[in-house]
Amino acid sequence: MTADIRQARASDASAILTIENAVFEGDRISTRSMRRLLAGRSAAVLVAAVRDVVVGYCVVLWREGTRVARLYSIATDRNHGGAGIGRALLEAAEAAARQRGRRLIRLEVREDNGRARALYERNGYRFIGRLQRYYHDGTAALRYEKELPPAGPPADAEAAGRDGPAR
0 MTADIRQARA SDASAILTIE NAVFEGDRIS TRSMRRLLAG RSAAVLVAAV
50 RDVVVGYCVV LWREGTRVAR LYSIATDRNH GGAGIGRALL EAAEAAARQR
100 GRRLIRLEVR EDNGRARALY ERNGYRFIGR LQRYYHDGTA ALRYEKELPP
150 AGPPADAEAA GRDGPAR
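Taking numbering that gives the first Met the number 0, the leading residue of the sequence shown gets 0, the next gets one more, and so forth.
In short, the hints are calculated from the structure, not lab data. Keep in mind it's a predicted model, so treat the numbers as computed, not measured. Glycine is no exception: its CB is placed at the ideal position from the N, C-alpha and C atoms. There's no promise every hint is true.
The calculated lysine to any residue pairs, modelled on SDA-like cross-linking and capped at a C-alpha distance of 25 Å, are [said to hold, decoys possible]:
#1 Lys145 with Asn122
#2 Lys145 with Tyr134
#3 Lys145 with Arg86
#4 Lys145 with Ala14
#5 Lys145 with Gly113
#6 Lys145 with Ala9
#7 Lys145 with Glu120
#8 Lys145 with Val67
#9 Lys145 with Glu107
#10 Lys145 with Val52
#11 Lys145 with Asp26
#12 Lys145 with Gln131
Pairwise CB distance ranges, derived in the manner of DEER restraints [what the hints assert, rightly or not]:
#13 Ala150 with Arg5: 17 to 25 Å
#14 Pro148 with Phe126: 28 to 36 Å
#15 Gly80 with Gly123: 35 to 43 Å
#16 Gly80 with Gly25: 19 to 27 Å
#17 Pro149 with Gln6: 33 to 41 Å
#18 Phe23 with Gly83: 19 to 27 Å
#19 Ala38 with Arg132: 29 to 37 Å
#20 Ala94 with Arg8: 14 to 22 Å
#21 Arg86 with Arg34: 33 to 41 Å
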């Protein structure tokens, strides 16, 4: 089953929040915050859709003046776990960060979330620290980061050569 990854639309907010509320027990994104993220310029909200049904999402944040992006949230519908959707969203999050000139992406993950930690480690993230009592229930967070290569030229320019299309 292949998922299409695309920029989220305002109409996706309800589906995103349904996944958010099913996957996370606390520290959830509110409806108001999601609307702000979808409308703002300091984040990319991406969704994975299978047959036009949202089955996963991720939120990547950035601030002006820094080359660091933050993977704020990533989740897939429990019925679609293990299908590669999380990895596809992670890769799309990294691409979005690179396109905005970010050279590093960081994230926090629950210490007891072995599945997510394994995904990050398989995809080149390295452990950089532990945050005591980070989550609402007192669970620690582990911080990871990954260096991102610079964004390359658009595919058209690369195919035509460094100087662009021939005239």
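Outcome of the hint check:
Between Lys145 and Asn122, the direct Cα distance comes to roughly 9 Å. Compliance with the 25 Å bound is thereby established for this hinted pair. At roughly 22 Å between alpha-carbon atoms, Lys145 and Tyr134 fall within 25 Å of each other, so this suggested pair holds. Distance check on the hinted pair: Lys145 and Arg86 sit about 14 Å apart at the alpha-carbon level, within 25 Å; holds. Between the alpha carbons of Lys145 and Ala14 the distance comes to roughly 29 Å, so the proposed pair goes past 25 Å and is violated.
Proximity of Lys145 to Gly113 is assessed by CA-CA distance (about 18 Å); at most 25 Å being required, the pair is judged to hold. A distance of roughly 29 Å separates the Cα atoms of Lys145 and Ala9; the hinted pair therefore is violated under the 25 Å criterion. Distance hint between Lys145 and Glu120 is fulfilled; the C-alpha atoms sit about 10 Å from each other, no more than 25 Å. The suggested pairing of Lys145 with Val67 holds, with an alpha-carbon distance near 10 Å, which does not exceed 25 Å.
With a CA separation close to 12 Å, the supplied pair Lys145 and Glu107 stays within the 25 Å bound. A C-alpha spacing of about 30 Å is found between Lys145 and Val52, which places the hinted pair above 25 Å, so the restraint is violated. Distance restraint check for Lys145 and Asp26: the Cα-Cα separation of roughly 24 Å lies within the 25 Å cut-off, and the hinted pair is therefore satisfied. Taken as a hint, the Lys145 and Gln131 pair is honoured in the structure, with Cα atoms around 21 Å apart against an allowance of 25 Å.
For Ala150 paired with Arg5, a C-beta distance near 18 Å keeps the hint of 17 to 25 Å intact. The given range of 28 to 36 Å is broken by Pro148 and Phe126, whose C-beta atoms sit roughly 21 Å from each other. Here the CB-CB span from Gly80 to Gly123 is close to 21 Å, at odds with the stated 35 to 43 Å. Taken as a hint, the range 19 to 27 Å holds for the pair Gly80 and Gly25, whose Cβ atoms sit roughly 20 Å apart.
A hinted range of 33 to 41 Å for the beta carbons of Pro149 and Gln6 is inconsistent with their spacing of about 22 Å. Checked against the given bound of 19 to 27 Å, the beta carbons of Phe23 and Gly83, roughly 21 Å apart, stay inside it. Taken as a hint, the range 29 to 37 Å holds for the pair Ala38 and Arg132, whose Cβ atoms sit roughly 32 Å apart. Look at Ala94 against Arg8: about 19 Å separates their beta carbons, and that is inside 14 to 22 Å.
For the pair Arg86 and Arg34, the beta carbons lie near 28 Å from each other, so the given range of 33 to 41 Å is not met.
This entry does not satisfy hints 4, 6, 10, 14, 15, 17, 21, going by the numbered hints stated previously.
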